[in-house]
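Asker: Generate coordinates for the entire structure from the input sequences, incorporating the hints supplied.
When you number the sequence shown by the working numbering, it's gap-free, plus one each residue, and the end is 391.
Treat the hints as calculated values from the structure; they're not laboratory data. Bear in mind that the values here come from a model prediction, so they are computed numbers and not experimental data. Glycine is no exception: its CB is placed at the ideal position from the N, C-alpha and C atoms. Treat the hints with care, since some could be wrong.
To be verified - Simulated pairs of lysine to aspartate or glutamate, EDC-like, Cα-Cα distance not exceeding 16 Å: (1) Lys286 <-> Asp311; (2) Lys195 <-> Asp15; (3) Lys41 <-> Glu161; (4) Lys46 <-> Glu161; (5) Lys53 <-> Glu189; (6) Lys96 <-> Glu80; (7) Lys53 <-> Glu221; (8) Lys198 <-> Asp22; (9) Lys277 <-> Asp311; (10) Lys99 <-> Glu80; (11) Lys136 <-> Asp15; (12) Lys44 <-> Glu161; (13) Lys99 <-> Asp359; (14) Lys195 <-> Asp12; (15) Lys286 <-> Glu267; (16) Lys367 <-> Asp22; (17) Lys41 <-> Asp22; (18) Lys136 <-> Asp76; (19) Lys198 <-> Asp15; (20) Lys307 <-> Glu253; (21) Lys195 <-> Glu80; (22) Lys136 <-> Glu80.
Unchecked claim - Simulated restraints, written as ranges between beta carbons of each label pair: (23) Gly193 <-> Lys277: 52 to 62 Å; (24) Arg90 <-> Tyr231: 20 to 30 Å; (25) Arg278 <-> Glu253: 25 to 35 Å; (26) Ser228 <-> Thr18: 17 to 27 Å; (27) Lys179 <-> Gly256: 38 to 48 Å; (28) Val106 <-> Pro236: 29 to 39 Å; (29) Glu333 <-> Glu107: 39 to 49 Å; (30) Arg306 <-> Pro169: 13 to 23 Å; (31) Arg340 <-> Lys277: 13 to 23 Å; (32) Ser13 <-> Phe334: 44 to 54 Å.
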Amino acid sequence: MQANARFLAAFDSKDLSTETFDLVIVGTGLAGLATAYYAQKAGKDKSILLISKARQSQINSTMAQGGICCALGKNDSWREHAKDTLAAGRGLCNEKAAKTLAREGVERIRELMNLGIQFDAGDTSLQLGLEGGHSKRRILHINGDRTGLGLSQFYLGLVRESRNCFRLPGTQAIDVLAKNGRYTGLLVETEGGFKVLKSSALVFASGGYSSLYAHTTNPVETIGEGASICYRAGLPLMDLEFEQFHPTTLSVEGAGNFLISEAVRGEGALLVNDSGKRFMAHEPLKELAPRDVVSRAVYAQLQAGRKVFLDARHLGARYAAQRFPFISERLREFGLSLARDLIPIEPAAHFSCGGIQTDLQARTPLKGVLAVGEAACNGLHGANRLASNSL
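Answerer: Printed below as a string of structure tokens:
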């Protein structure tokens, strides 16, 4: 029987059923689905299992509104994208990681389009949006403000087409098993009890820990379990103090800190207090300053006893509904309209810049264990993530 601080649950592996795969992935968000797709593409005869405690509709990736950034504009370059990433991270980014993301991101986006993904476009070219901290328009969207859902559904479709990719929802990862510095299995809990999943490799794509905060844009399940599992296994964590707060979430009872994408500010929306005064006008980038700057400014207004609003009334009803259909639909539930009303907002925990420490190939110090997506940290984001660098 093993029951100590190393393990969350008391168990005897001899008494547990075992299933074996070539690869086990914890998490079925965008990072997990993409990992599964590229893994089966590299080894078509390999068996891959994705596990998740949540239903697919509750996955954090599906809620991402803003977009995915890539330097595709005529006057843009991956070097400019990397420069903006480093500036947003307050000098604490891993410069090599930032440059790799910006440079290889161009190739990945083109690859996605060749696979069939359709980003929003005008008559002759892709629609490139502008968000906080970016010096150029480089944000790609799907269906206006449903980019995360569009990408997740796309990769889910690719995974479902594979005969060797299996999904096991309602499964809770508990602990990593290891011997002689090598991963040997994953203890999980299903409706039928504990079991051990064995595989050659284990990938944590389990998301961040933003729901440890009272006010958050994330689902309640996002509490950093992947990080805690790895910590109990002796793996290092990194930059946990760098939690990003999104400055514009809906401040209405019952709204649950619904995020209003900064793409709305990219289309010219302003931030004003209850006196009608803009309080970001003194910043060089004004309302499109990096998120940490805007969140602190909004918080300062609230602490001073003022209310804060997003003013997007210039958009007009038709354009607002077309460009931001999901946001517009959600606001209607509370009797609000981007085109008619000042929208009450407040900051909320949004993205975990820290996580399971990895190298640029997603490897952890424990052989056989890797981490990707928001669960991982290679220093890319530094102290503050640049908008739309997550997807």
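Asker: All hints, please: hold or fail.
Answerer: Structure-based check of each hint:
{"no.": "1", "hint": "Lys286 <-> Asp311", "verdict": "14 Å, holds"}
{"no.": "2", "hint": "Lys195 <-> Asp15", "verdict": "9 Å, holds"}
{"no.": "3", "hint": "Lys41 <-> Glu161", "verdict": "11 Å, holds"}
{"no.": "4", "hint": "Lys46 <-> Glu161", "verdict": "14 Å, holds"}
{"no.": "5", "hint": "Lys53 <-> Glu189", "verdict": "9 Å, holds"}
{"no.": "6", "hint": "Lys96 <-> Glu80", "verdict": "14 Å, holds"}
{"no.": "7", "hint": "Lys53 <-> Glu221", "verdict": "8 Å, holds"}
{"no.": "8", "hint": "Lys198 <-> Asp22", "verdict": "8 Å, holds"}
{"no.": "9", "hint": "Lys277 <-> Asp311", "verdict": "11 Å, holds"}
{"no.": "10", "hint": "Lys99 <-> Glu80", "verdict": "10 Å, holds"}
{"no.": "11", "hint": "Lys136 <-> Asp15", "verdict": "58 Å, violated"}
{"no.": "12", "hint": "Lys44 <-> Glu161", "verdict": "12 Å, holds"}
{"no.": "13", "hint": "Lys99 <-> Asp359", "verdict": "14 Å, holds"}
{"no.": "14", "hint": "Lys195 <-> Asp12", "verdict": "10 Å, holds"}
{"no.": "15", "hint": "Lys286 <-> Glu267", "verdict": "13 Å, holds"}
{"no.": "16", "hint": "Lys367 <-> Asp22", "verdict": "15 Å, holds"}
{"no.": "17", "hint": "Lys41 <-> Asp22", "verdict": "14 Å, holds"}
{"no.": "18", "hint": "Lys136 <-> Asp76", "verdict": "7 Å, holds"}
{"no.": "19", "hint": "Lys198 <-> Asp15", "verdict": "15 Å, holds"}
{"no.": "20", "hint": "Lys307 <-> Glu253", "verdict": "14 Å, holds"}
{"no.": "21", "hint": "Lys195 <-> Glu80", "verdict": "48 Å, violated"}
{"no.": "22", "hint": "Lys136 <-> Glu80", "verdict": "8 Å, holds"}
{"no.": "23", "hint": "Gly193 <-> Lys277: 52 to 62 Å", "verdict": "59 Å, holds"}
{"no.": "24", "hint": "Arg90 <-> Tyr231: 20 to 30 Å", "verdict": "25 Å, holds"}
{"no.": "25", "hint": "Arg278 <-> Glu253: 25 to 35 Å", "verdict": "26 Å, holds"}
{"no.": "26", "hint": "Ser228 <-> Thr18: 17 to 27 Å", "verdict": "24 Å, holds"}
{"no.": "27", "hint": "Lys179 <-> Gly256: 38 to 48 Å", "verdict": "43 Å, holds"}
{"no.": "28", "hint": "Val106 <-> Pro236: 29 to 39 Å", "verdict": "31 Å, holds"}
{"no.": "29", "hint": "Glu333 <-> Glu107: 39 to 49 Å", "verdict": "40 Å, holds"}
{"no.": "30", "hint": "Arg306 <-> Pro169: 13 to 23 Å", "verdict": "44 Å, violated"}
{"no.": "31", "hint": "Arg340 <-> Lys277: 13 to 23 Å", "verdict": "21 Å, holds"}
{"no.": "32", "hint": "Ser13 <-> Phe334: 44 to 54 Å", "verdict": "51 Å, holds"}
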